[in-house]
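Please put together the full structure from these sequences, using the hints given.
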Amino acid sequence: MWWSGTCHRLIAATLERMSVESIFPRLEALLPKVQKPIQYVGGELNSTVKDWDSADVRWALMYPDAYEVGLPNQGVAILYEILNELPATLAERTYAVWPDLEALMRAEGVPQFTVDAHRPVRAFDVLGVSFSTELGYTNMLTALDLAGIPLPAVDRGEDDPIVLAGGHAAFNPEPIADFLDAAVLGDGEQISIAISEVVREWKAEGRPGGRDELLMRLAESGGVYVPKFYDVDYHPDGRIKRVAPNRADVPWRVHKHTVMDLDEWPYPKKPLVPLAETVHERFSVEIFRGCTRGCRFCQAGMITRPVRERSITTIGAMVENGIKESGFNEVGLLSLSSADHSEIGDVAKGLADRYEGTNTSLSLPSTRVDAFNIDLANEFSRNGRRSGLTFAPEGGSERMRKVINKMVTEEDLIRTVSTAYSQGWRQVKLYFMCGLPTEEDEDVLGIADLAKKVIQAGREATGSRDIRCTVSIGGFVPKPHTPFQWAGQADHETVDRRLKALRDSLRGDKQYGRAIGFRYHDGKPSIVEGLLSRGDRRVGAVIRAVWEDGGRFDGWSEHFSYERWMSAAEKAGVDVGWYTTREREENEILPWDHLDAGLDREWLWQDWQEAVSGAEVEDCRWTPCYDCGVCPTMGTEIQIGPTGRKLLPLTVV
Amino acid sequence: MQRLRVRYAKRGRLRFTSHRDISRAVERAVRRAGIPVAYSAGFSPHPKISYAGAAPTGVASEAEYLEIGVTTPCNPGQVRQDLDESLPPGLDVLDVVEAGPGGLADRLEVSEWEVRLPGADRELAEVAAEKFLAAGTVEVERLTKKGLRRFDAREAVLGLTVSEGTDRTAAQVRGEPCVILRMVVRHMTPAVRPDDVLTGLRLVADFAPPVPPEVTRLAQGPLDASTGALADPLDLDRDITRGGEAGPAGEHVAG
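As given, the protein sequences belong to chains E and W, one line each in that order. Counted the way full-length UniProt numbering counts, the first sequence spans residues 1 to 653. Counted the way full-length UniProt numbering counts, the second sequence spans residues 1 to 255.
Check each hint, because a few of them may be wrong.
Heads up, simulated EDC-like pairs for lysine to aspartate or glutamate below, C-alpha to C-alpha not over 16 Å straight-line [claimed, not checked]:
id, chain 1, residue 1, chain 2, residue 2
1, E, K646, E, D353
2, E, K33, W, D195
3, E, K324, W, D82
4, E, K571, E, D549
5, E, K324, W, E27
6, E, K324, W, E85
7, E, K646, E, E320
8, E, K402, E, E610
9, E, K33, E, E108
No lab work stands behind these hints: they were computed from the structure.
What follows is the structure in C-alpha cells.
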C-alpha cells in the first residue's frame with residue numbers, strides 16, 4: 001500500500017488548522033494519461049465551490065460508480081444542493097475513479113478527491129455514500145483506501161470522516177457494516193440537515209467524547225444506524241440468533257425517514273450540467289415518491305411508501321426553472337410509476353403545450369400497460385417523434401404475473417400494444433424478469449408467445465411488417481423488505497437454461513423471429529447481487545477479499561468477475577447458496593429485521609404466502625388500505641391530488 | 001438567416017474537454033442564453049452550430065471558432081456577453097461578429113502554438129529546433145483513427161522559436177520558469193499538431209521533454225501577405241459590419 005498510516009495521521013492532524021489545499025496540480029499532471037479526463041475536473045455549470053474556512057460542517061458526497069453514471073443521480077444532486085444552501089456547511093462530490101487513474105494516483109500518492117474543489121476526501125467531516133445498488137460496494141472500498149481512511153470502521157480515528165451510507169441498498173447495510181460508521185434509511189433531505197447540526201454542535205463543543213460520542217448522539221435518535229453499536233449472535237447452523245444494541249440508549253430498531261411535503265423540497269433547483277457525456281442527459285423532476293401498486297419483487301415500491309405526489313404547479317415551476325438553469329433539451333418526469341400521478345394527463349398536456357416548438361422533449365418512464373399510457377406518450381411526442389415505447393409486464397405468463405402482483409392480462413397487453421403501433425409507434429420494448437419465485441420453464445417460454453402475439457397484432461393493426469419489439473430480460477434478485485425476502489433465488493444454471501430456451505424459441509421462429517429483438521444477461525451477476533442484497537455481516541469479508549483481489553466496478557460486465565466472487569466466498573468460508581438460493585422460514589431473523597422500513601413483517605409474510613397461491617392485492621392509492629403497516633408506523637399518509645389546477649402558458653420573454 | 005462567428009477560449013481545467021463535450025456545452029449555453037438559434041429540418045432537428053478545427057483534448061486554446069445560425073438578427077456584443085455568462089468558466093467567449101461573405105474555415109490557414117516544457121533543457125531545445133528547421137523533411141508517425149499514419153512534420157512549420165519564461169501555463173497559473181516553444185504551423189492534411197513537431201524534435205536531435213508538455217493554441221487565422229504575420233480571421237467580417245466591434249474581450253482567468 002502506498003499510503004503510510006502514521007505519516008498520514010500527522011498530515012491529517014494539521015488539515016483542520018490550515019485551509020485544505022487543492023490536489024488539482026498533482027492530479028492535472030496525471031490527466032493527459034487517462035481516458036476521458038474531463039470527468040475528473042469538475043467545473044460543471046451550477047456546481048458550488050465554497051471557501052473551506054467558511055464552513056464548519058463539510059460533506060463529501062460519493063456516488064460509488066463512474067462519473068458518467070453518478071453525476072445524473074438525483075439523490076446526490078439533491079443533497080449537494082440542500083447542504084450547500086445551509087449556512088456554514090459545504091458539500092462536494094466525489095465519484096469512483098477508473099482503474100487507469102487509480103493506478104496513477106497510487107503511484108503518485110494522489111488521494112481520493114472531490115471534483116468540486118479537488119480537496120482530499122479524508123479532510124471532510126462526513127463521507128456520504130449513496131448506494132442505488134449493492135454493486136458499488138467494492139468501489140467504496142477503493143475510495144476509502146485511496147482517501148487514506150482505514151477500511152474497518154473500528155480502526156478510524158478523530159481525523160477520519162464519518163462514513164455514512166444512504167440509498168436503497170442501505171436498507172440492508174449489513175454486508176458493508178464493518179466499513180460503515182453509520183447508515184440512514186429513506187429520504188435524505190431532512191436527516192442530512194439534522195446530521196449536519198449534530199456534527200456542528202459536537203465540533204463546536206470541542207468534540208467531547210471523540211468519535212464515539214458523535215456516533216452515539218446520532219444513534220440515540222433512532223434515525224441513524226450505527227452498526228458497531230449492535231452485536232449480532234448466530235445459531236450453530238449459521239442463522240442469526242439475535243441482533244441487539246451493545247450499549248445503553250441505543251434503540252433496538254432504527255427507522256426510515258420520509259419527507260412528507262414534496263412541494264416544500266423542490267430540488268434540484270440548480271441542476272448540475274456536466275461537460276462530460278453522462279448516461280442521462282436531461283433535467284429530471286420527481287413527480288411523486290413512493291408506489292403502492294404492490295409489485296412483490298419491487299424493493300423501491302415497498303421501502304418508499306406512502307405515495308407522496310408533487311403538485312402539478314410545483315412540477316410546472318420546477319421544469320421551467322430547470323430548463324432555464326441547465327439548457328437541457330430533455331425533461332424526464334420521474335417516479336416509480338409516472339402514469340399514476342393523479343393529474344398526469346394535465347401535467348402532460350400542460351407541459352406539451354408550454355414547450356411546443358421549442359425543441360424540448362419530454363419523457364415519462366412508462367411502466368403501466370394500458371391505453372391511457374399511450375395517450376400520454378402521444379401527448380409527449382406531438383412533434384412527431386414516435387420512436388419507442390416501453391412496457392413492463394415483468395412476467396411471461398398470466399400465472400407468473402399474479403405471483404408478482406403485476407396485474408396485466410394478456411388481452412390488455414395486446415390491445416395496448418396494438419394501439420401503440422396503430423398510432424405510429426414503430427418499436428415497443430417489453431421488460432420481463434427471469435428467475436421469479438415459483439417460475440417454471442413454461443412461464444419463461446410464455447414471453448416468446450407474448451412477443452409473437454404482439455408482433456402479429458401489430459402487423460394486423462398497421463398492415464405493415466415494419467414494426468419491431470424488443471424483449472429485455474433482467475434476472476430476479478430477492479430483496480430485503482419485500483414479500484420475496486424469504487424466497488429462494490433461482491440458481492444461475494436454471495436462469496441460463498430458461499433464457500437459452502427462450503432465445504431458441506424466438507430465433508427459431510420464421511414468421512416473427514426477425515421482428516423480435518432479445519436482450520438479456522447471464523444469471524451469474526444476479527447471484528452476486530443476491531449475496532450482497534440479503535447478506536449479513538459475514539459477507540463483508542467476501543467484499544473485502546474481492547476488492548483486495550482487484551474487484552472494481554462490479555456493475556460493469558467488462559469488469560465484473562463471477563469467479564473472483566466465488567473464490568473469495570469460498571476462502572472466507574461463506575456458502576453463497578445458503579445466502580441466495582435458500583428459502584427462509586417465517587421466524588428466521590433476517591439481517592435487516594432491526595431496520596424499520598415501516599412495513600409490517602406479518603403483512604409481508606402474508607403477502608408472500610398469497611403470492612405463492614397467486615392471490616392479488618389492489619393499489620391502496622385508490623382502494624382501501626390493506627395494512628402494509630407503513631402509515632401507522634411512520635405517522636405518514638398518502639398524499640395525492642387532484643388539485644384541479646392547470647399549467648398556464650409561459651410568458652414569452 | 002444571420003450567422004454569428006464566435007471566437008472562444010478553452011482554458012485551465014476545461015482544456016480537457018473533447019470536441020463533443022464542447023458542442024454539448026455550447027448547445028446548452030445557447031438555449032440558456034435564449035439565443036434564437038436556428039434548427040435543421042427533419043426527423044431530429046439539430047441546432048445550426050458549426051465548429052472550425054477544434055484543438056485536441058488536453059490542449060488549451062485562446063482561439064477556437066464556431067458559427068451560429070440565428071432566426072432573428074442579434075446584436076453580436078450582446079450575444080458575446082450572454083453566451084459567455086451561460087458557459088462554464090473556462091469556456092470563455094472572446095469575440096462575436098456577424099458573418100460576412102466567405103467561409104470562416106478557409107481563413108483559418110495557420111495556428112500559433114505555445115508549448116511549455118517544464119524541466120526541459122534550453123540548450124538542447126535550441127539545438128533540436130535548429131536541426132528541425134534545417135531539415136528538408138522530418139517524417140513522423142502518429143496513430144490516428146484511420147491507423148498509423150506517416151507524414152512530413154517539417155513543411156507545415158513556418159516558424160519555431162525557443163525561449164524561456166514564466167508565462168502562464170495551460171492551467172492559467174503562473175508556473176516555474178521553463179523552456180517555451182512557439183511555433184507557427186500551417187493547417188494541412190493530415191494536420192501537423194504540436195506533438196508531431198515534438199516527435200520531430202526527438203527524431204532529429206533526440207530531444208525529449210521529461211514531463212508531458214502544456215500546449216496552448218494562441219491564435220488561428222490567415223497569414224498577412226505583406227507582413228507574414230498571423231491576422232485576426234474575424235477582421236474581414238468586422239470591416240463590413242456597422243462601425244465594427246471592439247476587439248477580443250478581456251480574458252477571464254479560470255480556476
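Exercise. Take a quick look at whether E:K646 and E:E320 sit within 16 Å of each other, Cα to Cα.
Key: holds, 15 Å
Self-check item: Pairwise hint evaluation, E:E610 against E:K402, where the allowed Cα distance is 16 Å at most
Solution: holds, 10 Å
Exercise. Below or equal to 16 Å on CA atoms is what counts here, so check E:K324 against W:E85.
Key: holds, 13 Å
Quiz item: Hey, E:K646 versus E:D353, does the alpha-carbon distance stay inside 16 Å?
Solution: Holds, at roughly 11 Å.
Quiz item: Regarding the pair E:K571 and E:D549, is the alpha-carbon distance no greater than 16 Å?
Solution: holds, 12 Å
Quiz prompt | E:K324 paired with W:E27 [C-alpha distance capped at 16 Å] | solution = Given pair E:K324, W:E27 holds - Cα atoms ~13 Å apart, limit 16 Å.
Quiz item: Within a Cα-Cα threshold of 16 Å, do E:K33 and E:E108 meet the stated pairing?
Solution: holds, 13 Å
Self-check item: Straight-line alpha-carbon gap E:K324 to W:D82, limit 16 Å
Solution: holds, 13 Å
Self-check item: Restraint check for E:K33 with W:D195, where alpha carbons must lie at most 16 Å apart
Solution: holds, 14 Å
Hint check: no violations occur; every hint is consistent with the structure.
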